[in-house]
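The residues making up each chain are set out below.
There are 2 protein chains.
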Amino acid sequence: MSAQGVTPQSEDFARWYTDVVQKTELADYAPVRGCMIIRPYGYELWEAVRSGLDRRFKATGHRNAYFPLFIPMSFLQKEAEHIEGFAPELAIVTHGGGKELDEPLVVRPTSETVIGYAYANWIQSYRDLPVLINQWANVVRWEMRTRLFLRTLEFLWQEGHTAHATYDEAQEETLRMLDVYADFAVNDAAIPVVKGRKSSQEKFAGAMYSYTIEAMMRDRRALQSGTSHNLGQNFAKAFEIKYLDRSNELQYCWTTSWGLSTRMVGGIVMAHGDDKGLRLPPVVAPYQVVAVPIYKTDAEKSVVLPVMARLVAELRSAGLRVHVDDREEVSPGFKFNDWEMRGVPLRLEVGPKDVEKASAALVRRDIDDRKQAKSFVSQAGLANAVTGLLTAIQASLLQQATVFRDAHMHAVDTYGDFKAVIEQGDWALAYYDGSAEVEDQIKADTGGASSRCFPLDQEAGAGKCIVSGRPAKERAWFAKAY
Amino acid sequence: MSAQGVTPQSEDFARWYTDVVQKTELADYAPVRGCMIIRPYGYELWEAVRSGLDRRFKATGHRNAYFPLFIPMSFLQKEAEHIEGFAPELAIVTHGGGKELDEPLVVRPTSETVIGYAYANWIQSYRDLPVLINQWANVVRWEMRTRLFLRTLEFLWQEGHTAHATYDEAQEETLRMLDVYADFAVNDAAIPVVKGRKSSQEKFAGAMYSYTIEAMMRDRRALQSGTSHNLGQNFAKAFEIKYLDRSNELQYCWTTSWGLSTRMVGGIVMAHGDDKGLRLPPVVAPYQVVAVPIYKTDAEKSVVLPVMARLVAELRSAGLRVHVDDREEVSPGFKFNDWEMRGVPLRLEVGPKDVEKASAALVRRDIDDRKQAKSFVSQAGLANAVTGLLTAIQASLLQQATVFRDAHMHAVDTYGDFKAVIEQGDWALAYYDGSAEVEDQIKADTGGASSRCFPLDQEAGAGKCIVSGRPAKERAWFAKAY
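Which chain is which? The protein sequence lines are P and A, in order.
Counted from 1, the first sequence has number 193 at position 193 by the working numbering; the numbering is strictly sequential.
Counted from 1, the second sequence has number 337 at position 337 by the working numbering; the numbering is strictly sequential.
Treat the hints as calculated values from the structure; they're not laboratory data.
Predicted, not measured: the structure shown is a model, and the values here were computed from it.
Please note that the accuracy of each hint is not assured.
Any copy, or any two copies together, can satisfy a pair, since identical chains are not distinguished.
Said to hold, decoys possible - Taking lysine-lysine and the DSS-like style, the derived pairs with C-alpha atoms no more than 25 Å apart in a straight line are:
id: 1; residue 1: Lys464; residue 2: Lys357
id: 2; residue 1: Lys335; residue 2: Lys276
id: 3; residue 1: Lys371; residue 2: Lys335
id: 4; residue 1: Lys58; residue 2: Lys23
id: 5; residue 1: Lys357; residue 2: Lys203
id: 6; residue 1: Lys78; residue 2: Lys203
id: 7; residue 1: Lys99; residue 2: Lys353
id: 8; residue 1: Lys195; residue 2: Lys296
id: 9; residue 1: Lys353; residue 2: Lys301
id: 10; residue 1: Lys58; residue 2: Lys335
id: 11; residue 1: Lys301; residue 2: Lys58
id: 12; residue 1: Lys296; residue 2: Lys443
id: 13; residue 1: Lys237; residue 2: Lys464
id: 14; residue 1: Lys464; residue 2: Lys58
id: 15; residue 1: Lys335; residue 2: Lys419
id: 16; residue 1: Lys23; residue 2: Lys242
id: 17; residue 1: Lys58; residue 2: Lys237
id: 18; residue 1: Lys374; residue 2: Lys464
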């Protein structure tokens, strides 16, 4: 146990995760089983995810809209695979306004159906295409085993829904949004990801092809962190989404959907955290800097606080997110531990000696060694020094995660090696024929490893499936996953 | 009918509203009765409302969080007035994951109860106070008569929930947030509002006092546009929200809540719109400027478009929201009408002559007279000219709404005058004893006028209730309302 009462990762990673999420006040359990309260610190992390994505969506021509929470049950039944996939997870409203409803309403688990209904009304001709819409919303899936952020009955997400004139345009959009997710993960969340295509058993219910970004957590399990689907004409046919083409002929549209959820917050926790708690990348951290004034006497306090206030004001006007911990009832040492647990990237300390010397101390959260982590800087130019260090911390977290990940990913050629890699908790890349029976076999033989994706970035080639021996064109990543 | 097919306000205001909301693509009906699809143009208006409020909430020390959609039925029953008020409007989930639930879940109509539960867990001592949290969320109230934005089964809103050590602090917070709403309404939405206290019949179910901002629409009906409630200790007692005070004694907290919803979008439509359609205040308009290139021949086009592109880039880099209407299939005249209907504050026209003279034409949406609305400016310094005009338009819309409103608000001293004022569709200010029977009497006598509020801004005095003749300390506004 650390000073803060966080179970070490090595002792029990699952407990570590739950401890950290609760003790850092990211989230709390709700009174309804499987639901979550996202506390301000966790919600601010989500707001950073949200704004990082929203900016990218708008830059790629998408507009936000909002579709209703309630969907008639009959809508979900229009696409056969879709209802088959989602039926076991639905929450159903049967009563409204004191009366039993004629038709039960589904609380949306995803919105392809109701958005398909709307697009069928809105789209008339090729001039109306493409339709590029995203919504930020809550969705409900009746999960049995839940964990804060990673899998909850209700979660927050965005779901993009687009309609196109051709297959090629839909496919291009599907991959463009996968790239947007990867760009966000790498550059904002500092999480390296593998981009790839899901096996047909793992694809979205109703999709033609599903793509994913897969990230490695500190326990080496994979986290599916965002998905992008080419829906083909499946939903267009189910909801009659048609357009008149340039030759005045009626055609079905090609549609896509793509989503990323509050699960990403759990991913940020698990990709970077250590035994002391969170380590948040500066780009998404609610507080980039925590300022801790150091003093013992009232005389020191009256000297230190005005200087600290001035420095904090300078940092804030440089656009930095700074929190001042001016609590009287706890010691600086307590504050250091507390904010290390909460993962604030950089700590600013100012004491009486700093005031004398016009200096300040900066302590990095991403470096373990106390001496290396700490630097003394002149108060003049503090904002520049802080900005520089935050950039370095962002890069360092991405590098640490990448080094860690790459050390635990292995291409293998025999099923013996494959099982050994999975056995030691790592990821294995192997030729795979894409069949359900091979995936089931692997799950059974390895205690649960599943196909994560056929990575997009692989050499064209041909081999034999590592299990069935049948011809296989592509290798797939396998790992135990969340 | 206007060219765009919008029913004139004078002919049928309700039809005008529905026409405008649908034809400008603010919103559409959902497949479920009473639900709404907020289309991109409407959602962008809501995003402007949201960001204007969110900025103010953060500046007053509030943080965002997220509480669950589902609330156990038993929670709502803990506060007697609360359940009495909300019971008829609840949507109930009875089945989840294919099974009937042991306890039905309510889809939140508002979140005092589940947030009370959380605050009881989080608050221990006076050091934890105040708790200042807001959430952006969807809520569901099973309304029978619905209208797009104004009253829908599901709507988007924010709900602030705060906990304090004393009554005075809670009351101060309640009025502070009312001021925040009024400040937003006046300065961002250009809607003058009356701030006041609700009568005890009109207050929030479970509140001690409810405050409101009331706005006058173009049909002179009142729109309750935001409310702020001092909840006293009602929810603190129902949910055991207690804190240890400085003397180490356990005390109940004092709580507040305050909300503003997508109804505000309807308010913006109805406070400013005219027979041609929307007139959007520049601060909240999705597009502040629409750029329409004017050309007839390909030669003209090749001269005009590059200049337009340069000017638009300049406006955008000045931080302005600009939409370029480069459709080939419709004429400039069609575009003028279309964007007037959509309420874009300012139109930028550039034609071949403008290119020659290095000039551009700007046309204001807030001025009816065609000549007065149009000005010609030099391309050099266009961004300054546009910014200046947008500021003028913002002020002009507020002034027009204020002049209109003030012409239709009357203080009266006799019930005869009172009924005459209501009869002609205006608002009446009169001494009122606050009783339910007087309000019921007035409703019956006037075909539905209700007490809007006891305005905060009134001279201290004493009089006799205009209906009962009983002593009354305050005057109240009465009007027909949405």
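Quick rundown of the hints versus the structure:
Proximity of Lys464 to Lys357 under the C-alpha cut-off of 25 Å is found in neither arrangement, the shortest distances being 69 Å within a copy and 72 Å between copies. Only within a single protomer do Lys335 and Lys276 lie at most 25 Å apart by alpha-carbon distance; the minimum there is 13 Å, versus 61 Å between protomers. In this assembly of identical chains, Lys371 and Lys335 lie within 25 Å of each other by CA distance solely inside one copy; the values are 18 Å within and 66 Å between copies. Taking the shortest Cα distances, Lys58 and Lys23 sit within 25 Å of each other only across copies (24 Å), while inside one copy they are farther apart (35 Å).
When the C-alpha separation of Lys357 and Lys203 is checked against a cutoff of 25 Å, the pair qualifies neither within a copy, at 61 Å, nor between copies, at 59 Å. When the C-alpha separation of Lys78 and Lys203 is checked against a cutoff of 25 Å, the pair qualifies only within one copy, where the shortest distance is 18 Å, while the shortest distance between copies is 44 Å. Proximity of Lys99 to Lys353 under the C-alpha cut-off of 25 Å is found in neither arrangement, the shortest distances being 72 Å within a copy and 66 Å between copies. With identical chains, the CA atoms of Lys195 and Lys296 are never at most 25 Å apart, being 53 Å at best within one copy and 48 Å at best between copies.
Taking the shortest Cα distances, Lys353 and Lys301 sit within 25 Å of each other inside one copy (12 Å), while across copies they are farther apart (69 Å). Taking identical chains as interchangeable, the C-alpha atoms of Lys58 and Lys335 lie at most 25 Å apart only when they sit on different chains, with a minimum of 24 Å there against 39 Å within one chain. Proximity of Lys301 to Lys58 under the C-alpha cut-off of 25 Å is found in neither arrangement, the shortest distances being 47 Å within a copy and 28 Å between copies. In this assembly of identical chains, the alpha carbons of Lys296 and Lys443 never lie at most 25 Å apart, being 60 Å within a copy and 67 Å across copies at closest.
For the homomeric pair Lys237 and Lys464, neither the shortest alpha-carbon distance inside one copy (37 Å) nor that between copies (69 Å) is at most 25 Å. In the homo-oligomer, the alpha carbons of Lys464 and Lys58 never lie at most 25 Å apart, since the shortest distance is 43 Å inside one protomer and 59 Å across protomers. With identical chains, the CA atoms of Lys335 and Lys419 are never at most 25 Å apart, being 46 Å at best within one copy and 65 Å at best between copies. When the C-alpha separation of Lys23 and Lys242 is checked against a cutoff of 25 Å, the pair qualifies only between copies, where the shortest distance is 21 Å, while the shortest distance within a copy is 52 Å.
In the homo-oligomer, the alpha carbons of Lys58 and Lys237 never lie at most 25 Å apart, since the shortest distance is 28 Å inside one protomer and 46 Å across protomers. Proximity of Lys374 and Lys464 under a CA criterion of 25 Å is satisfied in neither setting, with 53 Å inside one chain copy and 73 Å between copies.
Checked against the numbered hints above, the structure breaks hints 1, 5, 7, 8, 11, 12, 13, 14, 15, 17, 18 and satisfies the rest.
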